[in-house]
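Since the structure of chain U is provided, determine the placement of chains L, B and G on it from the hints.
Protein chains in written order, with the UniProt record's numbering: chain U, 1 to 290; chain L, 1 to 290; chain B, 1 to 290; chain G, 1 to 290.
A couple of the hints might just be wrong.
Unchecked claim - Cβ pair distances, simulated, as ranges:
id : chain 1 : residue 1 : chain 2 : residue 2 : range
1  : G       : Leu67     : U       : Ala188    : 40 to 46 Å
2  : B       : Gln235    : G       : Ala68     : 57 to 63 Å
3  : B       : Asp247    : U       : Lys117    : 21 to 27 Å
4  : L       : Pro76     : B       : Leu233    : 56 to 62 Å
5  : L       : Glu80     : B       : Ala188    : 35 to 41 Å
6  : U       : Ser116    : B       : His146    : 15 to 21 Å
These aren't lab readings, by the way, just hints derived from the structure by calculation. Computed from a predicted model, the values in this text were never measured in an experiment. Just so it is clear, CB atoms sit at the ideal spot from N, CA and C, and this is done for glycine as well.
Each chain, letter by letter, is given below.
Protein chains: 4
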Amino acid sequence: MQTRRFYTLSGSCPDQVGIISRISGFIAQHNGWILESSYHADDGNDGHGSRYFMRMQVKADSLPFHLAEFRERFAPLAAELSMEWKISDSAVKRRVVLMVSKQEHCLYDLLARWQSKELDIEIPCVISNHDTFKAFVEWHGIPFHHVPISADNKIGAHAEICRIYDEVRGDTMVLARYMQILPPEMCARYPGQMINIHHSFLPSFVGARPYHQAFQRGVKLIGATCHYVTRELDQGPIIEQDVIRIDHSDSVEDMVRYGKDIEKAVLARGLRYHLEDRVLLHANKTVIFR
Amino acid sequence: MQTRRFYTLSGSCPDQVGIISRISGFIAQHNGWILESSYHADDGNDGHGSRYFMRMQVKADSLPFHLAEFRERFAPLAAELSMEWKISDSAVKRRVVLMVSKQEHCLYDLLARWQSKELDIEIPCVISNHDTFKAFVEWHGIPFHHVPISADNKIGAHAEICRIYDEVRGDTMVLARYMQILPPEMCARYPGQMINIHHSFLPSFVGARPYHQAFQRGVKLIGATCHYVTRELDQGPIIEQDVIRIDHSDSVEDMVRYGKDIEKAVLARGLRYHLEDRVLLHANKTVIFR
Amino acid sequence: MQTRRFYTLSGSCPDQVGIISRISGFIAQHNGWILESSYHADDGNDGHGSRYFMRMQVKADSLPFHLAEFRERFAPLAAELSMEWKISDSAVKRRVVLMVSKQEHCLYDLLARWQSKELDIEIPCVISNHDTFKAFVEWHGIPFHHVPISADNKIGAHAEICRIYDEVRGDTMVLARYMQILPPEMCARYPGQMINIHHSFLPSFVGARPYHQAFQRGVKLIGATCHYVTRELDQGPIIEQDVIRIDHSDSVEDMVRYGKDIEKAVLARGLRYHLEDRVLLHANKTVIFR
Amino acid sequence: MQTRRFYTLSGSCPDQVGIISRISGFIAQHNGWILESSYHADDGNDGHGSRYFMRMQVKADSLPFHLAEFRERFAPLAAELSMEWKISDSAVKRRVVLMVSKQEHCLYDLLARWQSKELDIEIPCVISNHDTFKAFVEWHGIPFHHVPISADNKIGAHAEICRIYDEVRGDTMVLARYMQILPPEMCARYPGQMINIHHSFLPSFVGARPYHQAFQRGVKLIGATCHYVTRELDQGPIIEQDVIRIDHSDSVEDMVRYGKDIEKAVLARGLRYHLEDRVLLHANKTVIFR
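Pulled out of the complex, with its shape left as it was, chain U reads as follows (with noise of 0.2 Å):
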């Protein structure tokens, strides 16, 4: 499928006239060849000021250079603009860590898309507070570490989490329906690259058991939110939402059921945009460059 090799250039800056004019000139001096493109002004409404979003995807090998020697080049443009930036290759993989409890569900659609190549990524380890589903995961050649939580050794289960995900140099964490609750200083220490899948439509039905919630309140509609996490539990920047209809005659069991459905795709449209360098943050919102 998508076999050309391309770097993806994302950033924003305070918006200003000519910055399209300006980074684009910069690509085409050097012959480089756009695959895509992307563009938003904010327009200040919000009370964070009017700022500018891009996101630009460049044939590889239309550069007469590589990564390196763009980001030293392209560096001092980007300081004028008080741009802040990143630009990835899409030769290099991305590391990421999955975090599960008892529920297979992201699980299995997870692998299934990385078994494919769909999500064509490196799954360095799986961490488990059970041990659920360490053969599943052995068997696909991907090591599994289980670190039991309990209320006696909470600090050194999420010292250890944090050990294993520093050594083998994660740089995304998805908390694929894992159901413990993040220290703060732990959101805190990896901002950007923990995703969490929660299992309501926020801001509704935060906290626990969102699907009980749900069915005492007599919603039509049942949703999953796909967002980053942060110190504030579930307020973090959300990246992708869906709903499902239900009606009265849907129990909770039910609701479990056809939610688990919202939450793996959600879960995985959002990891994707993510992956892909799709999203940029705006204060607690996210641009999201589909």
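This is chains L, B and G only, laid out in the frame that chain U set:
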């Protein structure tokens, strides 16, 4: 289209063996032709007790008697089953009073459906706190009452609305983006008769300016909720909901525009369910026999 | 979750006065507790005659006899009503044979549901024209049969599939993106047992490469269709469908990726309806009692 | 809401290195403030050649000249790029002629949007083959032309429609459930100006009575399609589509009712994309810069 006349029998009672048998037996014994029938047994897991819900449409001319006699003959059986029930006649048009302010979308939408008889109701009058749509409504041959509301005259204005509603013998009051909060006493006075369209996917974003709230939170879908009005603002039983996708490029104004399309569609569906006796209340939730 | 045992009685007959009364009367007379019941009267406008459809779940231990005796006692009433009917026992697991080729998504998805008992079935074996998933299936403890198909051996291969299916006493055959066309004789041999997932929103884009067809036509939504397999390719009764939004930036490969998410969700829903006897056939259409 | 004036520049050209750079350079050189910009590079896989599409909104008062001078100065660059392009001014209202028959929903919907200025256009007249909505349209202060069509007068009637459209200097003709087929010559006369709403999810159910066709096939979702009218009936480039779920209990009349809600929403969205120059044609497909 729907020209045949039918009776709609609906109600609920504590669950027990043999309810369908006894009720359908009663209908069959009088040779009644059931056009449509729906049943739902609540499993009692929500703490309100196991309860049985039903709705039947019976062809009017298949029965050897009319509504008054049906009511008389059915009452003993209903009493035995401790059933709360009602029966309505498709030949008797419902009397729906519309309440509007300055937004056009729900008003035009409902009048279009009324004009084409898709919504086969009487609209004895439209009441508004502004005179924006006076000429438009009157052109349709429908009386228009301008009842302005200010900080000073709230009590009088609310009394006037009740007076008009009672005088025209309204049986349903539709708050079609009526932008005033009605007092708890008034909400309690017409239980199960007042239908509101709220411009968010409840329980998210209760209260004022929900699109601004949604914009601030950065949700990826916005919605609307049609619900019965109760004493507590935006807390009544939900009849219908729906959502539409937005993205980072959508301003609050864009969200308002998208939202209007969802609001009018959700209100129209919810109102139809109500008018066709498809909505049964159970505590603060609804059973909807679509 | 759903631990209580129940019988599911479903069927259809020519419409007349008193059907519900007689059937629910039969159940009530034996003290049967109806957990769920659904009825539909087709109005005969499609030229196939007015027909009555029903489905009931009865609590098993509320009845004083088991299935064999139920069948015997119910048969005379069914005969009087000219009803085609069946009754099944929730304690008897259905035997579902999966047919796959080289695509992983439906297989992983169904095995995840089976592993967690969301799908509470037996999978006596998986049959494939490739050996891609042999190890994966066998790891789950499920026998895997590799039945290659080439231009030369079609008749033999199809016979082998039938032999295996019969030998394992399959009652449902799921074509989970099985990329071979099965011969009309085989389709006719297992009526109402073979379920396919087609990767388009039928009747659009029948036949080969539907995503390429959709790309050429420039549609704004793509879909998937779960249907019974009949003699005519892609023409069988539709059980379930759904769609997802795409846009001009999506290549055929992107559409394939989005489509996979719809395919597996639609197949899983359609299969569940089938397994729970929620699907009743009427000419070339289905009644689905959700 | 949207009070600032802007120019919309849109167009397409063969793809090459440096297009964005040169065009955004031209804008920046004149100090133009880009409010919104979208680009799409077609990969040429559909056999029509790799092509570049773009759309920019530039703040009008940021430029030192008006449209005429912009056109003159931009023309040489566009010629170098072999670009087909246009530029429009948000202060110049589009002139949209509505064509209707006897169905009310799209007409009421469009007039509601026009009345509230959500749709900020001129409606120089409404043309209909029936006089059903004459008084309603005229009440809004819009001229109404009744142009009856019979087997005998088709040529004359079509000529009269063209005469009126030309006379009022229409730039967009909306077939808002206009139930007559317009001749190929007329369709070819106004390329990219005639927008139709078809009451099916094309390419399913082309031609007459699509809801009846959908009922016969037993589909589980019905839809609507907004497309440009071309010589070939129901084959023009698709602008927007959507669907709604139905089930076995829905008659053709129910489907018509559900369908109306989809039709008006899809038409309104498609029309807005068109009016804001968000639709670029590519062979028989559209690029939509939402």
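Query raised in the report: Does the Cβ-Cβ separation between leucine 67/G and alanine 188/U fall within 40 to 46 Å?
Result: violated, 52 Å
Query - Range hint compliance [Cβ, glutamate 80/L to alanine 188/B, 35 to 41 Å] - result: About 52 Å separates the Cβ atoms of glutamate 80/L and alanine 188/B, which means 35 to 41 Å is violated.
Requested in this report: Confirm or reject the claim that aspartate 247/B and lysine 117/U have a C-beta distance inside 21 to 27 Å.
Outcome: holds, 24 Å
Query raised in the report: Is 56 to 62 Å a correct range for the gap between the Cβ atoms of proline 76/L and leucine 233/B?
Result: At 59 Å between Cβs, range holds.
Query - Verdict for glutamine 235/B, alanine 68/G (Cβ pair) under range 57 to 63 Å - result: Given about 59 Å between the Cβ atoms, the range holds.
Query raised in the report: CB of serine 116/U to CB of histidine 146/B, is that within 15 to 21 Å?
Result: holds, 19 Å
Comparing the model with each earlier hint shows violations of hints 1 and 5; every other hint is respected.
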